[in-house]
Amino acid sequence: MLRSKQALRIIHAGALEQVVEKCAEHFSKQNSGLKIEMKAVGSREGAQRLLSGEKYDIIALADQALFAELLVPELVENYFVFAADQIVIGYDRSSKGSKEITQRNWMDMLLQPHVSFARSDHHLDPCGYRTLMVWQLAEVFYHKSGLYSTLATACLPYSTYPKSLDVASALFKGNVDYAFLYSSQAKQLGLPYITLPSKINLSNPAYADFYDQAAVSVESTIPGKDVIIHGKPIEFAIGIAKSTNYPELAKSFIDLLTGVDGNLILEECGFIPC
Amino acid sequence: MNEENLSKFESPISIERSIQAELLLLLGQRPSHGYELIQRLNEADYQSGEADAATVYRNLRRMDKDGLIKSHWEMGESGPGRRLYELTPLGEESLKVWAQYLAQQKSKLESFLQAYFQFEKSLSVTKER
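Taken in sequence, the protein lines are chains A and B. Under the working numbering, read the first sequence as residues 1 to 274, first letter to last. Under the working numbering, read the second sequence as residues 1 to 129, first letter to last.
Hints are supplied without guarantee of correctness; some may be wrong.
Said to hold, decoys possible - Facing chain B, according to a computed beta carbon distance under 7 Å, are these residues of chain A, among others:
| # | residue |
| --- | --- |
| 1 | V81 |
| 2 | Y158 |
| 3 | T160 |
| 4 | S203 |
| 5 | P205 |
| 6 | A206 |
| 7 | A237 |
| 8 | I272 |
To be verified - The calculated lysine-lysine pairs, modelled on PhoX-like cross-linking and capped at a C-alpha distance of 25 Å, are:
| # | chain 1 | residue 1 | chain 2 | residue 2 |
| --- | --- | --- | --- | --- |
| 9 | A | K55 | A | K242 |
| 10 | A | K22 | B | K65 |
| 11 | A | K22 | A | K251 |
| 12 | B | K70 | A | K251 |
| 13 | A | K29 | A | K251 |
| 14 | A | K29 | A | K96 |
| 15 | B | K96 | B | K70 |
| 16 | B | K65 | A | K251 |
| 17 | A | K173 | A | K187 |
To be verified - Over the 10 Å line for every Cβ pair with chain B, so calculated as not near, a few chain A residues:
| # | residue |
| --- | --- |
| 18 | E17 |
| 19 | S28 |
| 20 | S32 |
| 21 | E37 |
| 22 | M38 |
| 23 | K96 |
| 24 | V115 |
| 25 | N175 |
| 26 | V216 |
| 27 | T244 |
Treat the hints as calculated values from the structure; they're not laboratory data. None of these values were measured; they are calculated from a predicted model. Don't be surprised by glycine CBs; every beta carbon is placed ideally from N, CA and C.
When you get a sec, could you build the whole thing from the sequences and use the hints?
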């Protein structure tokens, strides 16, 4: 049991902020007096925080592959896939060209002068490297040689937005015209979005082999040495830190998230419960 | 029981409903998790169009709730834990009804095509005259 002044600590992908907050609210009702501390980060950053010694009880990340790459078996024993999503292009009614943009012409619209678009930092956030993968796959899918580097050059500096939540927030405030986001984030903010073909939006396991040809280099835990990440269908996962003092409580929280109530919360927040 | 159930299938089948039959068949062949089911569904010869993740997971949850399938979390040997689905006796019964319904539809379609080909033949004979 938790003593006073102690708390169940959850580190989670920024994209999961609403989900974790709603689950925590629900969980607090079942466990009166319980304090829950939540920290929203880019998922790569979150895994790196654990590696650097920060203590959390529960880890919920936007890319299930991060667990195997960085956390299992030293820091986490088991982890569970609980939600899926896709990359979309979010915009606002006041975004330049918002009445003309479609699934067919999106790249031409984004590359017009005076149109701004953003993505998150691929070194810190899966939505950032997934966006780069979408651009690579779009180059193949639409037979447009050079599209990837053209988009990468025209995009606003990625370092401005450490996580997809920051990109979503910039879009919501009208600071950018378009943003590459998870569809759940656009839905949560009530923003319109362009759905991309499933062969490039990283949503469908049937295209796992096609997605695999996309590859992005990101900074590893060893300074100066990058790792290559390949495209995969988007899956969110959750696990319990081996160092937790509250394994039963952490398990109950995960049971809530992956159970009927959690599925309803995930759906409300625009995710696909798995 | 089967006659009664068959009568429920008289209306045209929506894609949403036909995916349920396809998922029941795949789960009858072997228990699977959603990720694998989406891949198997898209590889199946009888699938028309793309089965997307949202549709498959939504139908799995619905069938789980209706007792046609059941699920539990299975730990991956080297990968993540995933929800594993398997067919229940009720699901097996439902799959049988689906197969009977489709056989009935197939027979009706064959009769239609037979009648159509005869009609087509009679048209060409009339033109030759």
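Hints and how they fare:
1. V81: holds (5 Å)
2. Y158: Cβ of Y158 (chain A) sits 27 Å from chain B, so the hint is violated.
3. T160: Constraint on T160 (chain A) not satisfied, violated at 31 Å.
4. S203: holds (6 Å)
5. P205: holds (5 Å)
6. A206: holds (4 Å)
7. A237: This interface hint holds because 5 Å falls under the 7 Å limit.
8. I272: At about 5 Å, which falls below the 7 Å cut-off, the nearest Cβ of chain B leaves the hint on I272 (chain A) intact, so it holds.
9. A:K55 to A:K242: holds (10 Å)
10. A:K22 to B:K65: holds (23 Å)
11. A:K22 to A:K251: holds (17 Å)
12. B:K70 to A:K251: holds (21 Å)
13. A:K29 to A:K251: At roughly 16 Å apart (the allowed maximum being 25 Å), K251 (chain A) and K29 (chain A) satisfy the hint.
14. A:K29 to A:K96: Violated. K29 (chain A) to K96 (chain A) sits at ~45 Å, over the 25 Å cutoff.
15. B:K96 to B:K70: holds (18 Å)
16. B:K65 to A:K251: holds (23 Å)
17. A:K173 to A:K187: At roughly 15 Å apart (the allowed maximum being 25 Å), K187 (chain A) and K173 (chain A) satisfy the hint.
18. E17: holds (21 Å)
19. S28: holds (24 Å)
20. S32: The assertion about S32 (chain A) holds, with a minimum of 28 Å to chain B.
21. E37: holds (25 Å)
22. M38: holds (22 Å)
23. K96: holds (30 Å)
24. V115: holds (29 Å)
25. N175: Non-interface label stands for N175 (chain A): nearest chain B Cβ at 30 Å, farther than 10 Å.
26. V216: holds (21 Å)
27. T244: Label holds. Min Cβ-Cβ 17 Å, cutoff 10 Å.
Checked against the numbered hints above, the structure violates hints 2, 3, 14; every other hint is satisfied.
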